[in-house]
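S.K.: One letter stands for each residue in the lines below.
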Amino acid sequence: MISYYDPKTEPAANQPADLSKDLGTPPSKSTVQVSVQIDGVDIIVPEGTSVLRAAAIADINIPKLCASDNLEAFGSCRLCAVEIEGMRGMPASCTTPVKEGMKVQTQNTKIAKLRRNVMELYISDHPLDCLTCPANGDCELQDMAGAVGLREVRYGFEGKNHLDGATDSSNPYFSFDDSKCISCSRCVRACEEVQGTFALTVEGRGFDSRISTGQDNNFLESDCVSCGACVQACPTATLTEKSVIDNGQPDHSIITTCAYCGVGCSFRADMQGDKVLRMVPDKNGKANQGHSCVKGRFAFGYATHKDRITSPMIRDNIEQDWREVSWEEALAFAAKRLTDIQEEHGRNSIGAITSSRCTNEETYLVQKLVRAVFQNNNVDTCARVCHSPTGYGLKATLNESAGTQTFESVMKADVVLIIGANPTDAHPVFGSLLKRRLRQGAKLVVADPRSIDLIDSPHTKAQHHLKLRPGTNVALINALAHVIIDEGLEDADFISSRCDDASFQQWYKHIQDQRHSPENTMEITGVEATELRAAARLYASANNGAIYYGLGVTEHSQGSSSVMAIANLAMVTGNIGREGVGVNPLRGQNNVQGSCDMGSFPHELPGYRHVSDESTRNLFEQEWQVSLDCEPGLRIPNMFEAAIHGDFKGLYCQGEDIAQSDPNTQHVQKALSSMKCIIVQDIFLNETAKYAHVFLPGSSFMEKNGTFTNAERRISRVRKLMPALAGKEDWQVTIALAKVLGYEMNYEHPSEIMDEIARLTPTFSGVSYENLDKLGSIQWPCNEKSPLGTPIMHTEDFVGEKGKFAITEYVATPEKANKHFPLLLTTGRILSQYNVGAQTRRTANQVWHDEDVLEIHPNDAEDRGINDGDWVGIASRAGTTALRALISQRVQPGVVYTTFHHPLSGANVVTTDNSDWATNCPEYKVTAVQATKVDEPSQWQAEYAQFSQRQAKYLKNKNGGQIAKT
Amino acid sequence: MSEDRLKYVVDMANQIALNLLHGKEQQQCVTEISHHINRFWAPSMRSQLAEAANNDNYQLEEMVILALKQIKND
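These protein sequence lines map, in sequence, to chains F and D. Residues in the first sequence are numbered consecutively from -5, following the working numbering. Residues in the second sequence are numbered consecutively from 453, following the working numbering.
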């Protein structure tokens, strides 16, 4: 039996009763309060509040159509007209701000007549098909017609009208029915104000006004990014989800958290029974504030895709048919193999990988299984290959392995420095918030080898694009710091009061050396000294300067140095410890922060406490009733290396696809093929599962309870929407595996796992499901000192210490271009796809990106005789693959770019084993390659296609195959 | 022990040294290298590093050699 949480019917104790109410206009930020009287009710609201909003707060609901509290007041529908003492006529309450002593009347005969007349005009040009309309029951126009008491339409329907308006169904997720449009322009304004894309416009004037995607194209071909803001804003059935058109209105809703990127958007899952009808961004979600992107909003269909595997499977070796078995048999098979391996090869010959796509509770259990049951510390997480340098670098400087701010903080930033991140593609909802701030006048500096959209978008332009060469981040960031010191732009008070003097003095001596000057680093970075100096001045002179960075910083041989250099930059300018500033890692996957917090690294127990710390170990030993290893375990690349050399034989891999996501694919394949037992727990037979001996069917985020922690350290509830298709939720599978290995984990519900985490982890001590339900979400640290959580870190100190400057010398990557490999390949992500694509490739998002392509500069393409769409062989020191060419000015000459969302693209066949010096995070962002025109796939692609075909056959035979007797 | 395996840890150790040796006195540098390896490397990898140090086929950075005395090897 599923217990549904519906905020509409079960409001948390300290929240207003109706959380989803649209108050008509945005809140005023004024601190001055004014008193007004509306319909005889005295109300005190901030100065600047609209009459419409003030009335709504007092539960006086003035009819409206063009107004919404996430959009600036527009005043076009005239439905919200009111009478105000001392004012002539009937002003629109949405565009009229309250004034001290104002007396407003929202209802009388005259107002009612006006509203009915307005509504009559709307309805005279609107289809009267309410009973068969998809929005029936969820239509503001219908509601308002009822609210104003419309009973007749005197004008008839014979005259000029829009009733034959066409329907644009080009978008895979929603349609636009022009005949139902009332031209309120809410969709246009949502696209501008909320999303910041400006894809929609009002075309024509007066009666001929109509919503247009511009240039006479349809939604699919337009600039629309399918964020869904227009659909959400539409008060009629004009813009409607196709799932609603096909299935009707939802019968209940559940608030949950998106399982895509590190923004961690809160969504209202609108349900029909156990079926998710649509995902609507939750207005009360503090990370997303009612906004969404194409992935979270629409691309959830993978959860019920036909490729889901819902029964456990086993096989003796990877060239055998799979055999579908019971949970008991699969777990017993897995347990015997793991036990046998440890007996033969030793305690350290097995390990596990946790996933940033799984919940905190699941991740916690996997690391517990490794430490308590496997009796070693060979546990690592996919954060190894993305943000492990963030964990290292921020801990070394700011004394905590986490970003410092809320996303909302960017709205107080005056200068934003983005390094190696592409928010509008990889963190789209934050990208929209940032664009809103830029439209308000904040300045932008982007450091990226490639031209990302933010550099030149409608109404936003970067002041400086530091188009550096791949692999030179440290030289560039050092040069920025050098300018700040050289020109006396440092914040001496902050440094003396908040930072460790010895480390500052050492760093100061280091950074002021002329070798770090922009003039001297220009040859390394390729960035003009004058441009870099101007960017440094802009950032350092800002009242509030904020740094946001992504994998373009971390996935380098100096990823950790870059993170520390960024922290140096923030500290030297005093840009830490308040709103509008900070160091903000944009985490790739939904629970990267959480998987790291939960002790997924081989050297750390939950809460970033080293395994060698006796008191911490004792704490866990008492709780878990086992003794724990005090030495670090193997990281993922170390596991691969040990596997190839015969020391590492068994792996439990939950929710991660290392065969596709990790670098140097052929090396990974060799490692996987060397193991005796690979257990994959996933919702699909992913690339890694093709090398597995045991497949344990996983549960999607819709099928379980738990929590995710986003890039702001915000812990949010994941709520079960439907029963687990495989009969077990992921946390239950780990418990069952532990049990057959002889260790009892006694939890009835994930909330009990969180209770244990809170008992053992000081930064989580105040976190519980009860508190999460009450507060909506909590940013850790949450403990006695901060019972409501900590939105902004380091406001007074750096977790009880001083901030430490780190010396970050630029050391060139060993991955060098030469005559054989003259180009530098850098990799990244695209809006419509997510990570290895296992989820998004099984949705209609494929329409936007059904293959990875190689972006190549026109000069480099011309030199090689490559045209748009040609097949291009990309060879590196690690391997060769082939992709279709996309000739693009986004990349600079000498640099090529691709994504890794499709397995057969083999982007990681080309990337190398080079990694960050401190953390082994792979250097995905710099690979020396040659590109040549080819007419067939690479050998790897051909062989892998055959291998995949065989694996598909083994899966198809899953009910008929025989397992060999061991 | 395969030589490639030893090269793997030698390259890693040398890379750590190259990134830590700047702007510091030698002793601080040596301490930071050993601290890093003790903190983050599994014992098996530390043993391989010790083995490589006794093998003329591998070139360890001077600072790594100095740090070896402080690197745990059980």
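Calculated directly from the structure, the hints in this document are not laboratory data. Fair warning: this is a prediction, and the values are worked out from it, not measured in the lab. One or more of the hints may lead you astray.
Stated by the list, open to error - Straight-line distance between alpha carbons at most 25 Å, and here's what the computed SDA-like set of lysine to any residue pairs gives:
1. F:K104 <-> F:K154
2. F:K810 <-> D:N490
3. F:K670 <-> D:E514
4. D:K459 <-> F:K104
Stated by the list, open to error - Chain F is faced by these chain D residues, among others (derived, beta-carbon under 10 Å):
5. L470
6. N471
7. A494
8. P495
9. A502
10. A505
11. N506
12. Y510
13. Q511
14. I517
15. L518
16. K521
17. I523
18. K524
A virtual CB, placed ideally from N, CA and C, is assigned to each residue, including glycine.
S.K.: Under the criterion that the straight-line Cα-Cα distance not exceed 25 Å, is the pair K810 of chain F, N490 of chain D satisfied?
M.R.: violated (30 Å)
S.K.: For the hint on N506 of chain D, does the least C-beta distance to chain F fall short of 10 Å?
M.R.: For N506 of chain D, the interface hint is violated, since the closest Cβ of chain F sits about 19 Å away, which is over 10 Å.
S.K.: Next item in the hint list is P495 of chain D. Is there a CB on chain F closer than 10 Å to its CB?
M.R.: holds (5 Å)
S.K.: A closest beta-carbon separation below 10 Å is what the hint needs, so does L470 of chain D meet it against chain F?
M.R.: Holds - the Cβ of L470 of chain D comes within 10 Å of chain F, reaching about 5 Å at its closest.
S.K.: Do the numbers back the hint for I523 of chain D, that is, is its least Cβ distance to chain F under 10 Å?
M.R.: violated (13 Å)
S.K.: Does the nearest C-beta of chain F fall within a distance shorter than 10 Å of the C-beta of Q511 of chain D?
M.R.: For Q511 of chain D, the interface hint is violated, since the closest Cβ of chain F sits about 14 Å away, which is over 10 Å.
S.K.: Does the structure keep K104 of chain F and K154 of chain F at a Cα separation of 25 Å or less?
M.R.: Not satisfied, since the Cα-Cα distance of roughly 29 Å exceeds 25 Å.
S.K.: For the pair supplied as a hint, K459 of chain D and K104 of chain F, confirm whether the alpha-carbon distance does not exceed 25 Å.
M.R.: Since the Cα atoms of K459 of chain D and K104 of chain F sit roughly 88 Å apart, the hinted pair is violated (cutoff 25 Å).
S.K.: Could you check if A502 of chain D really has its C-beta closer than 10 Å to a C-beta on chain F?
M.R.: Nearest chain F Cβ about 15 Å off; hint violated.
S.K.: Answer holds if the nearest beta-carbon of chain F is closer than 10 Å to that of L518 of chain D; otherwise answer violated.
M.R.: violated (18 Å)
S.K.: For the restraint on K524 of chain D, tell me whether the closest CB of chain F is nearer than 10 Å.
M.R.: holds (8 Å)
S.K.: Is the interface hint for Y510 of chain D satisfied, with its Cβ closer than 10 Å to some Cβ of chain F?
M.R.: violated (16 Å)
In terms of the numbered hints stated before, the structure departs from hints 1, 2, 3, 4, 9, 10, 11, 12, 13, 14, 15, 16 and 17, listed from lowest to highest.
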